[in-house]
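From just these sequences and the hints, can you work out the full model?
Number of protein chains: 2
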Amino acid sequence: MSEPELYWEDFEPGTTREFGEKHVTREEIVDFAKDYDPQPFHLDEKAGEASILGGLCASGWHSCAMLMRMLCDGFLLKSAAMGSPGLDEVRWRKPVYVDDVLHVRQTCLETRVSKSRPEMGLVKFQSEVMNQKDEVCMISTGWMMIGLRNPASRESA
Amino acid sequence: MSEPELYWEDFEPGTTREFGEKHVTREEIVDFAKDYDPQPFHLDEKAGEASILGGLCASGWHSCAMLMRMLCDGFLLKSAAMGSPGLDEVRWRKPVYVDDVLHVRQTCLETRVSKSRPEMGLVKFQSEVMNQKDEVCMISTGWMMIGLRNPASRESA
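Protein chains in written order, with this note's numbering: chain G, 1 to 157; chain S, 1 to 157.
Watch out, some of these pointers could steer you wrong.
[What the hints assert, rightly or not] Derived SDA-like pairs: lysine to any residue, alpha-carbon spacing no greater than 25 Å straight-line:
1) K46(S) - R26(S)
2) K94(G) - R112(S)
3) K34(S) - D73(G)
4) K34(G) - K46(S)
[Stated by the list, open to error] Simulated DEER-style distance windows between Cβ atoms:
5) T107(G) - A152(S): 44 to 50 Å
6) T16(G) - P13(S): 35 to 41 Å
7) R17(S) - G54(G): 29 to 35 Å
8) R117(G) - E89(S): 19 to 25 Å
9) P13(S) - H23(G): 41 to 47 Å
10) P13(S) - S2(G): 47 to 53 Å
11) T107(G) - E21(S): 36 to 42 Å
12) E45(S) - T107(G): 32 to 38 Å
13) G86(G) - P13(S): 21 to 27 Å
14) K34(G) - S114(S): 25 to 31 Å
15) E89(S) - P13(G): 20 to 26 Å
16) P4(G) - E49(S): 50 to 56 Å
17) V136(G) - S2(S): 23 to 29 Å
18) E12(S) - E21(G): 42 to 48 Å
Treat the hints as calculated values from the structure; they're not laboratory data. Cβ coordinates follow ideal geometry from the N, Cα and C atoms, glycine included.
This is the structure:
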């Protein structure tokens, strides 16, 4: 593995970035649903149209997974990311339909250093998944664990 | 589609059920990670061992997806499920490793009828993903929208 470019110190509360571009295909919606969420409105057009979702649409968990891939490609894979303890909230606001093109709007809300692991920081992000009409399809708020560039300098601060 | 067996009226706050059995394979962990969360500790044993996760382990989003499949097979596919507005919390407590065998412990926390759609109810569940040692790997708390068996009788009540 190469050295990370981004460490905990590089994330500043109040900053917002937009990135990512994910074209959602019918094949991927149905493949994900067959494996993990085989409810009729994620598998079949007619069932989707008959539902309150209004058409064949991606599982909410598929939207989460597509968000994660955009986060990985957008910055996580070049960061000192160490995983996540969890999410404080997920809201599925609008269905993600076949041929939607998604991107991410991410705001850094809060940062702190771990008490138990001084080499590790925590960053709270709000991540919105937006479609090609700039509608917010999904909002996720949660924490990521990210290594510090220079733990020692903070200890002596 | 056949008629649902389970409607909103069948979910009672305070009740807990255990169900599901999911054997987690290395192939599935790596396949999911390649598509949606290609961080090194989800792709490679050595990177997993070098991380705070202690070994090659499933993406937290993969655990969410496996939970959803167990919920579908456990009761959702035979219910009048209409989707979900979101989650109030997700906690990833312990890594899910290769050859873990997962099941679900689910508690119904709260129910109410939708104000805007009297034919629809909401049920708040806490869903714990447990491994073969009965350790809680993940907890998710969120709402599901489920159709009422008999909306009219409630309106006249």
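Here's how the hints hold up against the structure:
1. At most 25 Å may separate the alpha-carbon atoms for a hinted pair to count; K46(S) and R26(S) meet this at roughly 14 Å.
2. In summary, the hint linking K94(G) to R112(S) is supported, as the alpha carbons are separated by about 22 Å, within the 25 Å threshold.
3. Restraint check for K34(S) and D73(G): the C-alpha separation of about 12 Å stays at or below 25 Å, so the hint holds.
4. A hinted pair counts as satisfied when its Cα atoms are at most 25 Å apart, and K34(G) with K46(S) does not qualify at roughly 31 Å.
5. At roughly 45 Å, the beta carbons of T107(G) and A152(S) sit within the given window of 44 to 50 Å.
6. For T16(G) paired with P13(S), a C-beta distance near 39 Å keeps the hint of 35 to 41 Å intact.
7. Between R17(S) and G54(G) the CB atoms are about 31 Å apart, so this pair conforms to the stated range of 29 to 35 Å.
8. Between R117(G) and E89(S) the beta carbon distance is about 22 Å. The supplied range of 19 to 25 Å therefore holds.
9. For the pair P13(S) and H23(G), the beta carbons lie near 42 Å from each other, so the given range of 41 to 47 Å is met.
10. A hinted range of 47 to 53 Å for the beta carbons of P13(S) and S2(G) is consistent with their spacing of about 51 Å.
11. For the pair T107(G) and E21(S), the supplied restraint of 36 to 42 Å holds, since their beta-carbon distance comes to about 40 Å.
12. Checked against the hint of 32 to 38 Å, the pair E45(S) and T107(G) passes, with Cβ atoms roughly 35 Å apart.
13. The beta-carbon spacing between G86(G) and P13(S), approximately 24 Å, falls within the hinted interval of 21 to 27 Å.
14. Checked against the hint of 25 to 31 Å, the pair K34(G) and S114(S) passes, with Cβ atoms roughly 29 Å apart.
15. Our hint of 20 to 26 Å for E89(S) and P13(G) holds, since their Cβ atoms are close to 22 Å apart.
16. Our hint of 50 to 56 Å for P4(G) and E49(S) is violated, since their Cβ atoms are close to 18 Å apart.
17. Between V136(G) and S2(S) the beta carbons are some 35 Å apart, a value that contradicts the proposed interval 23 to 29 Å.
18. Between E12(S) and E21(G) the beta carbon distance is about 45 Å. The supplied range of 42 to 48 Å therefore holds.
Going through the hint list in order, the structure does not satisfy hints 4, 16 and 17.
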